[in-house]
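Colleague: Sequence:
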Amino acid sequence: MNNFEDANIEYKSQLTNRLKREIVSFLNSPNGGVIYLGIDDITRKSLPVSDAERKRWEETISNWALNAFYPIPYSLIEVLPNKQPFTVKVRGGRNKPYAISSNGFDSSGVYVREGSSAVKATNERIRRMQQEYQVSGEFDSEPADEQQLTFKVASDVFENLDVDFDQKALRLVKDGKYNNAALLVSDQNPYPIKLGVYDGLDVMKFLDKREFSGAMTKQIDEVLNYLDLANHNQVVITGKGQRQEKSDFPTVAIREAVINAFVHRDYLLHSNVKIELFNDRLEIVSPGGIPDGLTLAEIKDGLTAARNPRLIHILDKMQYIENYGTGIRRMYRAYGQDSQGPRFEVRDNSFKVVLPNRNYMSTEEKAPEGDPYKTMASGKSRITETNEARVLAVLRRSKKPLKRLELQSETGLTRNQIFAALRVLRAEEKILVVGTSVNTRYVTK
Numbered sequence: 001m002n003n004f005e006d007a008n009i010e011y012k013s014q015l016t017n018r019l020k021r022e023i024v025s026f027l028n029s030p031n032g033g034v035i036y037l038g039i040d041d042i043t044r045k046s047l048p049v050s051d052a053e054r055k056r057w058e059e060t061i062s063n064w065a066l067n068a069f070y071p072i073p074y075s076l077i078e079v080l081p082n083k084q085p086f087t088v089k090v091r092g093g094r095n096k097p098y099a100i101s102s103n104g105f106d107s108s109g110v111y112v113r114e115g116s117s118a119v120k121a122t123n124e125r126i127r128r129m130q131q132e133y134q135v136s137g138e139f140d141s142e143p144a145d146e147q148q149l150t151f152k153v154a155s156d157v158f159e160n161l162d163v164d165f166d167q168k169a170l171r172l173v174k175d176g177k178y179n180n181a182a183l184l185v186s187d188q189n190p191y192p193i194k195l196g197v198y199d200g201l202d203v204m205k206f207l208d209k210r211e212f213s214g215a216m217t218k219q220i221d222e223v224l225n226y227l228d229l230a231n232h233n234q235v236v237i238t239g240k241g242q243r244q245e246k247s248d249f250p251t252v253a254i255r256e257a258v259i260n261a262f263v264h265r266d267y268l269l270h271s272n273v274k275i276e277l278f279n280d281r282l283e284i285v286s287p288g289g290i291p292d293g294l295t296l297a298e299i300k301d302g303l304t305a306a307r308n309p310r311l312i313h314i315l316d317k318m319q320y321i322e323n324y325g326t327g328i329r330r331m332y333r334a335y336g337q338d339s340q341g342p343r344f345e346v347r348d349n350s351f352k353v354v355l356p357n358r359n360y361m362s363t364e365e366k367a368p369e370g371d372p373y374k375t376m377a378s379g380k381s382r383i384t385e386t387n388e389a390r391v392l393a394v395l396r397r398s399k400k401p402l403k404r405l406e407l408q409s410e411t412g413l414t415r416n417q418i419f420a421a422l423r424v425l426r427a428e429e430k431i432l433v434v435g436t437s438v439n440t441r442y443v444t445k
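Residue numbers (the UniProt record's numbering): 1 to 445.
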């Protein structure tokens, strides 16, 4: 670590809003730069920084990457909270000039490097950057071909979050027209997802085929619900009579892989997201390779590449994305000390995630009869009743309308699963909503 600040290095003792200026100045520079946090400005010695503080810094900067700058620099900001000192790497962007969104797209919001300092760019310099760097078109920011859009599913999501569904703040509209990001979260979303379940290790014998359509968040919820039901547990009885349970796939890994497939797919390719469940693995294939020229190794290290930045912004506000840019690392952590972890296969026009079944044993590996260290299936089977059916059954048995928390308690489903099931049942007009806000209850028709 160089002890002197220069055009590419910045030291800060604390994280404050002023750091946005440094980040923007590096985004607007040819080669980017590195910011070290927790370093004394004068002595250049490391200061004590707690784990809680590191986590707060990571969350704050990740949130900035989503909301604080324009154009949105997802693939350009890498946060390394476990490095000593805390490190933020910023790559020079190709869509210059970058600005602090809240300050405006002029000299008050655009900063550049002059030596070791971040300074406001003059209006003339901003004009030169605009002429030199042409902002490349992104699918999700282009006007949608279909403009007769409705947002019942999206409105329900925001209602459940007790947040206004503000189309302007969500950047769904530009010059009076809906963009493709709006199309994807609308009820008219034309991009379905295909799912297949197989008996065995290849595609020779189908157990089930599904196609999920409609608003993207509806598809995400339904896919996750289906995979949750197919993600059965194994109970291991040890020699000491102890009982240990392990699901086939870590829930966190499934969620990250599924949402990444929706978020990062190339919607210009005439292909669908494809999910295939085999006895020994779950495969999720998303159309489109890694954008922005990044490598798989860089992605694994935490660099992010966003093909659909407006869509990511919307899903973040809908709370479908947490700690953007940490998905692959979360998948690895979810597998922990298991002998196998997630695998990734990258091609020019596809990105495949392979999640191994932690409970799968080949014929040769299976324990012999009478082995005291035996494994038995428990809980969920591959194909079983849907969450919607479970919710509907509870409502039909009830003599009164039920709140969401009551449905959670009766069905054993999670908050997100209940919300997803209720959205489907409302769309199918099988239930009615009684009351509003905290008094909202549900009843069958």
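Keep in mind that a hint or two might mislead.
Here are the simulated lysine to aspartate or glutamate pairs, EDC-like style, with alpha carbons at most 20 Å apart [stated by the list, open to error]:
(1) Lys152 - Glu276
(2) Lys317 - Glu59
(3) Lys174 - Glu142
(4) Lys174 - Glu138
(5) Lys317 - Asp162
(6) Lys205 - Glu276
(7) Lys89 - Asp40
(8) Lys246 - Asp266
(9) Lys274 - Asp199
(10) Lys12 - Glu53
(11) Lys352 - Glu298
(12) Lys83 - Asp40
(13) Lys89 - Asp162
(14) Lys194 - Glu298
(15) Lys89 - Glu22
(16) Lys83 - Glu53
(17) Lys246 - Glu211
(18) Lys430 - Asp156
(19) Lys12 - Glu59
(20) Lys168 - Asp199
(21) Lys194 - Glu211
(22) Lys317 - Glu429
(23) Lys445 - Glu388
(24) Lys177 - Glu142
(25) Lys430 - Asp187
(26) Lys177 - Asp199
(27) Lys445 - Glu406
(28) Lys120 - Asp106
(29) Lys152 - Asp162
(30) Lys12 - Glu58
(31) Lys300 - Glu58
(32) Lys177 - Glu146
(33) Lys400 - Glu429
(34) Lys317 - Asp199
(35) Lys177 - Asp145
(36) Lys194 - Asp228
(37) Lys83 - Glu138
(38) Lys12 - Glu22
(39) Lys352 - Glu429
(40) Lys177 - Glu211
No wet-lab data here; the hints were simulated from the structure.
Colleague: Going straight from one Cα to the other, do Lys83 and Glu53 come out at no more than 20 Å?
Modeller: holds, 14 Å
Colleague: Holds or violated: Lys83 with Glu138, Cα cutoff 20 Å?
Modeller: violated, 33 Å
Colleague: Between the alpha carbons of Lys352 and Glu298, is the straight-line distance 20 Å or under?
Modeller: holds, 16 Å
Colleague: Does the alpha-carbon distance linking Lys177 and Asp199 stay inside the 20 Å limit?
Modeller: violated, 47 Å
Colleague: Given the hint that Lys400 pairs with Glu429, does the C-alpha gap stay at or below 20 Å?
Modeller: holds, 18 Å
Colleague: Take the C-alpha atoms of Lys152 and Asp162, compute the straight-line distance between them, and say whether it is at most 20 Å.
Modeller: holds, 15 Å
Colleague: Does Lys120 pair with Asp106 here, judged by a C-alpha cut-off of 20 Å?
Modeller: holds, 9 Å
Colleague: Would the pair Lys89 and Asp40 pass a check requiring their Cα atoms to be no farther apart than 20 Å?
Modeller: With Cα atoms ~19 Å apart, Lys89 and Asp40 stay inside 20 Å; holds.
Colleague: Given the hinted pair Lys194 and Glu211, is their alpha-carbon gap at most 20 Å?
Modeller: holds, 5 Å
Colleague: Quick one, are Lys152 and Glu276 close enough, alpha carbons at most 20 Å?
Modeller: This hinted pair is violated, its Cα atoms lying about 29 Å apart.
Colleague: Run the distance test for Lys89 versus Asp162: straight-line Cα separation, threshold 20 Å.
Modeller: violated, 36 Å
Colleague: Does the alpha-carbon distance linking Lys246 and Asp266 stay inside the 20 Å limit?
Modeller: Distance of about 34 Å is beyond 20 Å: violated.
In this structure, the earlier hints numbered 1, 8, 13, 14, 17, 20, 22, 26, 34, 37, 39, 40 are contradicted, and the remaining ones agree with it.
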